[in-house]
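A.B. asks: Mind docking chain B on chain A? Use the hints.
One letter stands for each residue in the lines below.
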Amino acid sequence: MSLQGRVDAVVIGASAGGIEALNVLLPALSQYLRPPVFIVVHLPRDQPSMLADIFSKKCAVPVREAQDKETVASGTVYFAPANYHLLIDRGPQLSLSADDLVHHSRPSVDVLFESAADIYKNRLLGVILTGANEDGASGLAAVHDAGGVTVVQRPDTAQAPNMALSALKLRPADWVLTLDEIAAMLRTLDALPSRGVN
Amino acid sequence: MDAEVTAAQTASAQFERELEFLIDAIYHKYHYDFRGYASASLRRRLKTAMSRFECQTLSQLQDKVVHDPAAFPALLDFLTVQVSEMFRDPEYFRALRERVVPLLRTYPSLKVWVAGCSAGEEAYSVAILLHEEGLLSKTLIYATDINARMLQKAAAGVYEVQRIAGFTANHHRSGARTSLSDYYSAAYGRAVFNKLLKDHIVFSDHSLATDTVFAEVQLVSCRNVLIYFDRSLQDRALGLFREALCRQGFLGIGAKESIRFSSQAGAFLDFVPAQKIFQRRAEL
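Those protein sequence lines, which keep their order, are chains A and B. Just so we're aligned, residue 274 is where the first sequence starts under this note's numbering, counting upward by one. Just so we're aligned, residue 4 is where the second sequence starts under this note's numbering, counting upward by one.
So that you can see chain A by itself, here it is in the shape it has in the complex (with noise of 0.2 angstroms):
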C-alpha cells in the first residue's frame, strides 16, 4: 500500500481519543516526509489548543498551529486552531474562518476536507481515525468523489467507532486500516532517496 509519488497532501480527521491515536501516527512521520498534513481535532472551544506544541516535541518533522493566509509548506504537520475552521485555499494557502459550528464543532473535519479536496483534488489522502460524532463523512465523500485516496481507522480498533462508521456508510473506502497499518502507510509519503541512477 505505498502511496508513493500519488499525493500531495494529507488530512486528517479526529474527535474523541484522537490524541492517542496521533501519538502514534505523528511521532512515526520521517524527516523526509514529503507532503504537508492538515489535521482536525474535535476540542474545547474555549481554551487554546495546545496540539501543535505537544506534539512538536515528539516529532521528527516541523508541528504548527495553522495561521490564517500561511503559505503551505511541505512536509509540515498544521493543527486548526480550537473556535476556527481550517481551510485550504488556493496557493496553496491556509484559511481560517469563524463560521458556525460544523457537526456541533469548529474546527469541523468536513470543512477541512472539502475545501482541501477542492484544491488538491485527486491528489489528497483523506483520513478518518477515532470519534463519536459524524463529522468528517462528508468530507471523506468528497475526497474521495475528488478522485482522491481516503483511509478509514478500523472501527473495531478506535476508540470510538462512529466516526469512522459514519464514513463508510457514506462511501467505501479505499483503505480500512489499524492505527500502525496507517503509520506505514504514512512513511512511504517520504520524498525518493536520491539515486546514482535515474
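Don't read these hints as lab results, they were simulated from the structure. Everything numeric in this text was worked out from a predicted model, so none of it was measured. Where hints are given, some of them may not hold.
[Claimed, not checked] On the chain A side, residues computed to face chain B include the following (Cβ under 10 angstroms): (1) Pro321; (2) Asp326; (3) Asp341; (4) Glu343; (5) Ala346; (6) Ser347; (7) Gly348; (8) Tyr357; (9) Gln366; (10) Leu369; (11) Ser370; (12) Val384; (13) Glu387; (14) Ser388.
Beta carbons: idealized from backbone N, C-alpha and C, even for Gly.
C.D. replies: This is chain B only, laid out in the frame that chain A set:
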C-alpha cells in the same frame, strides 16, 4: 484517471468559473465587492446558499439573485454574517482594559471604530467596557458593516435571552467591574440593550473593500473579519485602519489573525502580542 474523476474535476472547474461570474454580477448589479474575499470560505458559504436557495448550480443562483432584488439580502446574509458573541475572547477585552484604556484616558475625547460589526455584539462589548472604565461619556463608537439588515439588528441591540449566559460568563472573565444585567432589560425571551450604550454608537454602512476613511480614531477593533479577505484586500483594510488611526492609536484583530503577511505590517508595532493588539507607529 477514470471517468468519474474526470467528471468531478470538470464540475469543480465549472463551479469556479460560475463563482467568478456570480461575484462579478453581484458587483455590477448591487455594488458589493466580494472579489477580494478568501475563496475557500466563499466557496463554502456559496455551497450552503445553493442548497438553501434550492439551486443546483451557481448560475441558477446568479439568475435568481440578479433578477429578484428581494433575494439579494438573503444571499448577502450567507456571504457576510459573522458569528460573534459579546466579549468573545475575554482575554482580549482584559488586555484592552488593562493595557489600552490607561492610554485612552489621556485623550480629551475618543473615537472608536468597530469594523465589520455584524449584529453588534462587539460594539456593545466595547461600549460596556468603556462605560465601566468611565470613558463612555466622552466616546463615540462607529460600528460599520456592509450588511444593512445586520446593521438594523445591531442598532436594535436585541439578543435572544439564551445567549446572555454565555455573554455574562465572557464579560466576567474580561475583568468586569459591573454586572452585564445592568445594561439590558429582558422580556419575552429577549434581552434589549440600553439606550445609555446606544447613544454612543453610530451604526453605519461602510465597506472595507470599496469605501474610504471617514474619521480619525484612537482605537480600531476588527476581529475575525480579515480572515475572510485575501491578502490584497487585507492590505487595503489595514491601510484604511492605518489612515484612520491617530499616531500611536490602537488596532485589535482576531486571535488567529496576523498582519505579518501584509505590506502594512511595518506601520504597526506589537503592543499586546498575545492578544493581537497593535499600535500605529508614531513616525509614520
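A.B. asks: Work down the list of hints and note, for each, if the structure agrees.
C.D. replies: Hints and how they fare:
no.	hint	result
1	Pro321	8 angstroms, holds
2	Asp326	15 angstroms, violated
3	Asp341	5 angstroms, holds
4	Glu343	7 angstroms, holds
5	Ala346	14 angstroms, violated
6	Ser347	19 angstroms, violated
7	Gly348	21 angstroms, violated
8	Tyr357	5 angstroms, holds
9	Gln366	8 angstroms, holds
10	Leu369	5 angstroms, holds
11	Ser370	5 angstroms, holds
12	Val384	7 angstroms, holds
13	Glu387	7 angstroms, holds
14	Ser388	5 angstroms, holds
Going through the hint list in order, the structure does not satisfy hints 2, 5, 6, 7.
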